[in-house]
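Start from the sequences and build out the full structure, keeping to the hints where you can.
Protein chains in written order, with our numbering: chain A, 457 to 719; chain B, 233 to 510.
Just so you know, these hints were derived from the structure itself, not from any lab.
Since we're looking at a predicted model, the values are computed, not measured.
It is possible that some hints are incorrect.
Using 35 Å as the maximum straight-line C-alpha spacing, the simulated DSBU-like pairs for lysine-lysine come out as follows [what the hints assert, rightly or not]: (1) B:K383 / A:K619; (2) A:K651 / A:K505; (3) B:K383 / A:K651; (4) A:K718 / B:K330; (5) B:K376 / A:K716; (6) B:K383 / B:K309; (7) B:K383 / A:K716; (8) A:K619 / B:K467; (9) A:K716 / B:K355; (10) B:K500 / B:K467; (11) B:K355 / B:K330; (12) A:K651 / A:K716; (13) B:K467 / B:K383; (14) A:K619 / B:K355; (15) A:K505 / B:K376; (16) B:K376 / A:K718; (17) A:K716 / B:K330; (18) A:K651 / A:K685; (19) B:K376 / B:K309; (20) B:K383 / A:K718; (21) B:K322 / B:K355; (22) B:K322 / B:K309; (23) B:K330 / B:K467; (24) B:K355 / B:K376; (25) B:K309 / B:K467; (26) A:K619 / B:K376; (27) A:K651 / B:K330; (28) B:K309 / A:K619.
Next come the chains, spelled out residue by residue.
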Amino acid sequence: MTAAVTSQKQEIAPKKKSHSSVIAPLVTILAILLIWQFLVIAFHIPAWKIPTPGAAIQAMFTNFGELAPYILSTYLDILAGFLIAVVFGIVLACLISNFNLLGIALTPYINLLCTTPLITLVPLLMLWLGFGNGVKILAVVVQAFPIVNMNSLTGFNNVEMMKLELMQSLRASRIQTFRYCVLPNALPSVFTGMKLSGILATIACVTTEMSGGNNGLGYEIVQFTQYMKMDEAFACIFYVAVIGILLYSFSSLLESRVIKWKI
Amino acid sequence: MAEVKMDRSAKAGRLPKIILSGISKRFQSRRQTITAVEDVNMSVNTGEFVSIVGPSGCGKSTIIRMIDGIIRPSSGKITIGGNEIDSQTKITQEIVGKIGFTFQLPNLYPWMTIRENVALPLKIFGLRGSDWEDYVTYLLQTVKLEQYADKYPTEISGGMLQRAGVIRAMVYRPEILLMDEPFGALDEMTREELNLELLDIWADTGLTIIFITHNVQEAVLLSDRIYVMSTNPGKIISEVQIGLPRERTLEMTNEDQFIAYCDTITRKIGTVNLDKIK
Chain A
457 MTAAVTSQKQ
467 EIAPKKKSHS
477 SVIAPLVTIL
487 AILLIWQFLV
497 IAFHIPAWKI
507 PTPGAAIQAM
517 FTNFGELAPY
527 ILSTYLDILA
537 GFLIAVVFGI
547 VLACLISNFN
557 LLGIALTPYI
567 NLLCTTPLIT
577 LVPLLMLWLG
587 FGNGVKILAV
597 VVQAFPIVNM
607 NSLTGFNNVE
617 MMKLELMQSL
627 RASRIQTFRY
637 CVLPNALPSV
647 FTGMKLSGIL
657 ATIACVTTEM
667 SGGNNGLGYE
677 IVQFTQYMKM
687 DEAFACIFYV
697 AVIGILLYSF
707 SSLLESRVIK
717 WKI
Chain B
233 MAEVKMDRSA
243 KAGRLPKIIL
253 SGISKRFQSR
263 RQTITAVEDV
273 NMSVNTGEFV
283 SIVGPSGCGK
293 STIIRMIDGI
303 IRPSSGKITI
313 GGNEIDSQTK
323 ITQEIVGKIG
333 FTFQLPNLYP
343 WMTIRENVAL
353 PLKIFGLRGS
363 DWEDYVTYLL
373 QTVKLEQYAD
383 KYPTEISGGM
393 LQRAGVIRAM
403 VYRPEILLMD
413 EPFGALDEMT
423 REELNLELLD
433 IWADTGLTII
443 FITHNVQEAV
453 LLSDRIYVMS
463 TNPGKIISEV
473 QIGLPRERTL
483 EMTNEDQFIA
493 YCDTITRKIG
503 TVNLDKIK
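Next up, the structure:
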């Protein structure tokens, strides 16, 4: 047997995660905070207009006890809505890709839901469901599910003909074809949808709280702003940012655990 | 692994393994009917290496897809190992297990390692056990891929990938290998290497091979017999028996007899094309 050394490609060395990948973004955020701090002090901007980041971060900790129930309410609603949206979005995409008629019937309205700004629906949802956690979770689902659905559907539908032909040639069952070919092929798109829906989930929840809720961080931001307590308001904004980042990181971590191949 | 070595004398029987009689395939579009292949008659013996050459679009790929059962013929009859298939009958799982299929591109799944890709048909067919796992390892060793077994397809070269594609089609021990221009996308040197490796595999296993290519030299180097096709509609216009001795070597490609075969076939393909232009 002829050895095949000549055509052998140099192996691609796995990228090592260097320290700079952690340090560089930290330096960026530190620089932004320092410039912010400097500008506020240098231009004598009053604290009721813009607080120093130092004061805002301090407020995050000193007011934690007071803010805790609001943080918990917002975080839990975002998380619940996000999980429902992701599961529902992926399962529905899976069904649509398998049953053509379902896709024809539903896709225009899912697109419509995706392009309609949620803020216009919030007053209606409140009218029907009141001001509690239910309306927030529903708002998160309505905003976050179409994007994960559309991305997953793109993944399920865009399978190279030849990849399917292999399954056909082996007479794989529908379930086998889905498991070994269609699903793994779709995973990168599914994760893109998940990341985006995490961002939208956070926006949807806080928007709902701001436009008439009676609990959560969005509600608190409005309250603190009205009373000119800007450091507390910014502390709340930071807490919103934290859940946004956590959701995004969760999706990214899951993605790196599941998708081990290079795309 | 001695068990995979088949007695070459079994070839002496030369029973027809695959027979195509009067096979046509028409594709219906909204405006027109396109005849991809028309009245194709072929016979391939057990253990024989047969190539089909012809210009692009002559229906070569359609023919082996019909033999594999991915496409059903519009009319005519295909007999595989005594089992008849026509436009109505569905290919049985038993026949599926007898046929291996390799694609123009390696067509490996990027989400599986090389080993997982090669072993995929076993999962589909529900063939489990250490014997099968050992056979996967044996095949990987045969084509010098064992050290890349746990790599993903993006991490190795095109030649390596195509080797994996070929052994994937053999992993469930089929009797027939259908190859759709498997080395067409490779550079000349890698292609030659793989041609020789394929001949070794063929000699070891006693497979019946139908090989599609538009490279005349490759067809002459590999085959016992070559069918030449014309295009539009795809028809078999000639059949050439290659009388070169086995073992085939690359040195043979410089010999007069080899060059004569290539010329004959090229002229047959060329004549058809000129006729079409007129």
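Now for the hints, and whether the structure bears them out:
1. B:K383 / A:K619: Holds - the C-alpha atoms of K619 (chain A) and K383 (chain B) are around 19 Å apart, at most 35 Å.
2. A:K651 / A:K505: 33 Å, holds
3. B:K383 / A:K651: Judged against 35 Å, a Cα distance of about 28 Å means the pair holds.
4. A:K718 / B:K330: This hinted pair holds, its Cα atoms lying about 34 Å apart.
5. B:K376 / A:K716: 24 Å, holds
6. B:K383 / B:K309: The given pair, whose Cα atoms are some 43 Å apart, is violated under the 35 Å limit.
7. B:K383 / A:K716: 11 Å, holds
8. A:K619 / B:K467: 28 Å, holds
9. A:K716 / B:K355: 20 Å, holds
10. B:K500 / B:K467: Status holds; Cα separation ~13 Å.
11. B:K355 / B:K330: 16 Å, holds
12. A:K651 / A:K716: Cα-Cα ~18 Å, so holds.
13. B:K467 / B:K383: Judged against 35 Å, a Cα distance of about 42 Å means the pair is violated.
14. A:K619 / B:K355: 16 Å, holds
15. A:K505 / B:K376: Not satisfied, since the Cα-Cα distance of roughly 70 Å exceeds 35 Å.
16. B:K376 / A:K718: Measuring from Cα to Cα gives roughly 23 Å; hence the hint holds.
17. A:K716 / B:K330: 33 Å, holds
18. A:K651 / A:K685: 32 Å, holds
19. B:K376 / B:K309: 40 Å, violated
20. B:K383 / A:K718: Since the Cα atoms of K383 (chain B) and K718 (chain A) sit roughly 11 Å apart, the hinted pair holds (cutoff 35 Å).
21. B:K322 / B:K355: 22 Å, holds
22. B:K322 / B:K309: Holds - the C-alpha atoms of K309 (chain B) and K322 (chain B) are around 12 Å apart, at most 35 Å.
23. B:K330 / B:K467: 26 Å, holds
24. B:K355 / B:K376: The given pair, whose Cα atoms are some 23 Å apart, holds under the 35 Å limit.
25. B:K309 / B:K467: 16 Å, holds
26. A:K619 / B:K376: 25 Å, holds
27. A:K651 / B:K330: 45 Å, violated
28. B:K309 / A:K619: Within the cut-off at roughly 28 Å; holds.
Violated hints, in rising order: 6, 13, 15, 19, 27; the structure is consistent with all others.
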